[in-house]
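Participant: Take a look at the letters that make up each chain.
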Amino acid sequence: QQQVKQSPQSLIVQKGGISIINCAYENTAFDYFPWYQQFPGKGPALLIAIRPDVSEKKEGRFTISFNKSAKQFSLHIMDSQPGDSATYFCAATSGGGANNLFFGTGTRLTVIP
Amino acid sequence: GAVVSQHPSWVICKSGTSVKIECRSLDFQATTMFWYRQFPKQSLMLMATSNEGSKATYEQGVEKDKFLINHASLTLSTLTVTSAHPEDSSFYICSAPGRDFGAMEQFFGPGTRLTVL
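If you read the sequences in order, they're chains A and B. Just so we're aligned, residue 2 is where the first sequence starts under this note's numbering, counting upward by one. Just so we're aligned, residue 4 is where the second sequence starts under this note's numbering, counting upward by one.
The shape of chain A in the complex, shown without the other chains (with noise of 0.2 Å):
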């Protein structure tokens, strides 16, 4: 069973446009929610991650939206770059980030000139 659902599978968007990606999960045990951003052949590198106790983080162009009640979040690429262009990961877990991963299943963002 997916612990994390993920949408879209795929996205493409034009340079300097808001790139949206959706994730919902079941556990309400979670508590630690990151994203991270996987380009081919690397390893996934912690792009945003959020807890609970807010409902929006921002870091640079990146910004995490939580909805506790509704139980989803997002992630908003503002301004994107054809180097955003990646596989972005959704995930969360339980033990404040201490516990292993539960991911989504991905979306592949394409920003083009």
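These aren't lab readings, by the way, just hints derived from the structure by calculation. C-beta: ideal position from N, C-alpha, C; glycine also. It is possible that part of the hints are untrue.
As the list claims (entries may be wrong) - Distance windows between CB atoms, simulated:
#, chain 1, residue 1, chain 2, residue 2, range
1, B, S18, A, S66, 25 to 35 Å
2, B, P89, A, S66, 39 to 49 Å
3, A, S70, B, V6, 29 to 39 Å
4, B, T85, A, K6, 33 to 43 Å
5, B, S21, A, K59, 40 to 50 Å
6, A, G84, B, W13, 17 to 27 Å
Following the hints, put chain B in place on chain A, whose structure we already have.
Facilitator: Chain B only, in chain A's frame:
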């Protein structure tokens, strides 16, 4: 943030041989490390949890006798794929929990591409 390394970055072996993959936390200690497997264009799937000083915990469907895990120290975990077969060809990635600006985060290694001929 904290750094996790893996060695080798890629390996090609013949069917029936064994391959060892190392995962190291470079600037922090990790009593627990996690091993994931990722097939092309798919997500990461947890294989096992490596525990320093005790046996690894394997996920359902993962053969513990085929994927041997040893957490030799607080900075090193190894995954040995024994009697490798072509279906074991995959991208193997480890992670370790570490603190970044005081907050606990999961840091991933760069991955090891295993190709079994």
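Participant: Hints first: check each against the structure and report whether it holds.
Facilitator: Checked hints:
no., hint, verdict
1, B:S18 with A:S66: 25 to 35 Å, "violated, 48 Å"
2, B:P89 with A:S66: 39 to 49 Å, "holds, 43 Å"
3, A:S70 with B:V6: 29 to 39 Å, "holds, 37 Å"
4, B:T85 with A:K6: 33 to 43 Å, "holds, 35 Å"
5, B:S21 with A:K59: 40 to 50 Å, "holds, 47 Å"
6, A:G84 with B:W13: 17 to 27 Å, "holds, 24 Å"
The structure does not agree with numbered hint 1 stated previously, though it agrees with all others.
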